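One letter stands for each residue in the lines below.
Protein chains: 2
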Amino acid sequence: MNTVPQELRKDPIVGRWVIIAPDRMARPQNVLDCAELPEDAYDPFLEGNEDATTPEILAYRDSGSAANGPGWRVRVIPNKFPAVKVEGQLDKRGDGMYDKMNAVGAHEVVVECPHRESNMSRLSVDNIREVFWAYRDRLVDLKQDPRLVHALIFKNSGALAGASLDHAHSQLIVSPIVPIAIKEELDGAENFYRYRGRCIFADMIQQEIATESRVVLETEQFLVFCPFASRFPFETWIIPKQHSSHYENITRGSIEELGTVMKKTLQKLELALDDPPYNYVLHTAPFDTQPLPHYRWHIEIFPRLNRVAGFEWGSGFYINPVAPETAAKFLRETEID
Amino acid sequence: MNTVPQELRKDPIVGRWVIIAPDRMARPQNVLDCAELPEDAYDPFLEGNEDATTPEILAYRDSGSAANGPGWRVRVIPNKFPAVKVEGQLDKRGDGMYDKMNAVGAHEVVVECPHRESNMSRLSVDNIREVFWAYRDRLVDLKQDPRLVHALIFKNSGALAGASLDHAHSQLIVSPIVPIAIKEELDGAENFYRYRGRCIFADMIQQEIATESRVVLETEQFLVFCPFASRFPFETWIIPKQHSSHYENITRGSIEELGTVMKKTLQKLELALDDPPYNYVLHTAPFDTQPLPHYRWHIEIFPRLNRVAGFEWGSGFYINPVAPETAAKFLRETEID
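Quick note, the sequences are listed as chains A and B, same order. Heads up: the first sequence runs through residues 1 to 337, numbered per this note's numbering. Heads up: the second sequence runs through residues 1001 to 1337, numbered per this note's numbering.
What the hints contain is simulated information worked out from the structure, not anything from laboratory work. In this text the structure is predicted, and so the values were computed from the model without any measurement.
Here are the simulated distance ranges between beta carbons:
{"id": "1", "chain 1": "A", "residue 1": "T260", "chain 2": "B", "residue 2": "V1004", "range": "22 to 32 Å"}
{"id": "2", "chain 1": "A", "residue 1": "T211", "chain 2": "B", "residue 2": "K1092", "range": "15 to 25 Å"}
{"id": "3", "chain 1": "A", "residue 1": "D145", "chain 2": "B", "residue 2": "A1041", "range": "54 to 64 Å"}
{"id": "4", "chain 1": "B", "residue 1": "H1115", "chain 2": "A", "residue 2": "P55", "range": "57 to 67 Å"}
{"id": "5", "chain 1": "B", "residue 1": "A1202", "chain 2": "A", "residue 2": "N191", "range": "28 to 38 Å"}
{"id": "6", "chain 1": "B", "residue 1": "A1052", "chain 2": "A", "residue 2": "R196", "range": "45 to 55 Å"}
{"id": "7", "chain 1": "A", "residue 1": "D187", "chain 2": "B", "residue 2": "G1096", "range": "20 to 30 Å"}
{"id": "8", "chain 1": "A", "residue 1": "R194", "chain 2": "B", "residue 2": "D1023", "range": "33 to 43 Å"}
{"id": "9", "chain 1": "B", "residue 1": "K1092", "chain 2": "A", "residue 2": "E218", "range": "29 to 39 Å"}
{"id": "10", "chain 1": "B", "residue 1": "V1004", "chain 2": "A", "residue 2": "R147", "range": "42 to 52 Å"}
Each computed SDA-like pair below joins lysine to any residue, with the alpha-carbon atoms no more than 25 Å apart:
{"id": "11", "chain 1": "A", "residue 1": "K329", "chain 2": "B", "residue 2": "R1024"}
{"id": "12", "chain 1": "A", "residue 1": "K100", "chain 2": "B", "residue 2": "R1194"}
{"id": "13", "chain 1": "A", "residue 1": "K100", "chain 2": "B", "residue 2": "Y1193"}
{"id": "14", "chain 1": "A", "residue 1": "K183", "chain 2": "B", "residue 2": "R1196"}
{"id": "15", "chain 1": "B", "residue 1": "K1010", "chain 2": "A", "residue 2": "N191"}
{"id": "16", "chain 1": "A", "residue 1": "K10", "chain 2": "B", "residue 2": "R1332"}
{"id": "17", "chain 1": "A", "residue 1": "K329", "chain 2": "B", "residue 2": "P1005"}
{"id": "18", "chain 1": "B", "residue 1": "K1010", "chain 2": "A", "residue 2": "E212"}
{"id": "19", "chain 1": "B", "residue 1": "K1183", "chain 2": "A", "residue 2": "E190"}
{"id": "20", "chain 1": "B", "residue 1": "K1010", "chain 2": "A", "residue 2": "R332"}
{"id": "21", "chain 1": "A", "residue 1": "K100", "chain 2": "B", "residue 2": "G1316"}
From the three backbone atoms N, C-alpha and C, an ideal C-beta is built for every residue, glycine too.
Whole structure, please, built from the sequences with the hints as guidance.
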């Protein structure tokens, strides 16, 4: 029945690219259901089960250990049911008024730890640092591919956030297009810069630090806050205080601090909201741009607390029953040891 | 704890308005869960239970029946937990770099039938026509209010689509802002018109009818199709073949046909997908515009078949495992009597 090839298609009205991915129908967990992920299921991401996964692209390993065997700390593998595929030339085509291209790109899974652990919040700070360094390493590598324009790094944690395996992992989709949410941010930030000559993210950080009410935590290099126009209860952003548009340019020193900040933030969310399902998305500038004075990479975290009614993603008009000031106060006052 | 007032806030980067609605925390069904809606629960929308609801704003009634008593066919009431409220002056304010306003507007519920029925697909065509006429009547009325700029009409059907009651109903949120999804459509359609001098929706309809592969059904006045860049499996649009930007200008004659088309479309979805939860959103031009040559009202229907992973609404980058051609063929071939 699936005679339609995997491809990228552009909505002609708003310019939104989507991935039409019939091959992903073969995935085990496809249907909307509410089951918890089974805790005693076979874990293909466990150290020792490397045979059960696709061969690794990158792994941080103990010296002397062999590829695709035990002895790793963080491991990156191709997604078994990829939405985009690395093989083939990029082929952009028109179809009457429509635009499409073949689904070229990389869809990778970052297995975050060798042992069974579902939540990144419970990994060691060193472990989290290596995950964020793996993101950077993959982007530096994939950026070499002239077909690829943008990297989306994201995590679905918990069944209700879209995870299909109960072992901490995140994903990269690196593709020839810029996702619409990133494009809108780039456009908005560029307009602001053209008008005021300042980075909108810098203005925002300045105002958030001065106002204090939406701040969750602040370190030397990072600010964690609940944004003014939060779409979801306890939506939380992590942003570097120093300007940087491209995540892949992050330094070892910043990763050191980011690991600590990430762990603290996730621990606060876990404690405050009783280990909620959540997603995060790392927003970063396209590969084919020079360092941008108007854009800053950042991480957006969304706990999945309320049912998002379909009309909200159908209209982009979100109703958020928890004010960000309320959420930030709660998170700020949640003590972690 | 909720000292933050209900208000509209604008994301400064992308220009997305959200409703911060702490009062809605009081709603019975707030937490993400997977329960089916209880079938034997008390039904406040049932004929005879009018005392259980807020007083009606509009009702199509048998002659001689009294307001807020039995004898109605379709009934419109204020939402008990409104995201926006009709009282008060519109008060737009800045807050440093941010923009906000008080949450002025109308949030209404259209109770679609007096008897217990969960799915609009099983209402009579006449009944569905009156629902769509009620939308029109409410828009004509609310458009008089100079504070209000846009009407969002939507339906959450089934618990997994965000419904909190198992009695067919839809909602209107009429507010002082244009939701971002509508704004993006307006902008995209206007750009197309400026460049080509044609309505993008007309071009799309023409190509869809010529291509046939994404058409679900076609009548004299309406086209039902699965859009080229569908975000979701079985995403289905209903669009008038004659140009019209503002839904509230619809005629009795078009409503006649729309009722039939809506019932057929929902029946096909119900049969093909085993009575799925679904949402629809009616997209229409803002109140404060004259008839627009570049925009056309339409209805977008989204069955809730797959888990939408958080990264998808965090990035706007959707992965759709069912090609629209596959979905349209299946719906086209689903026979209804």
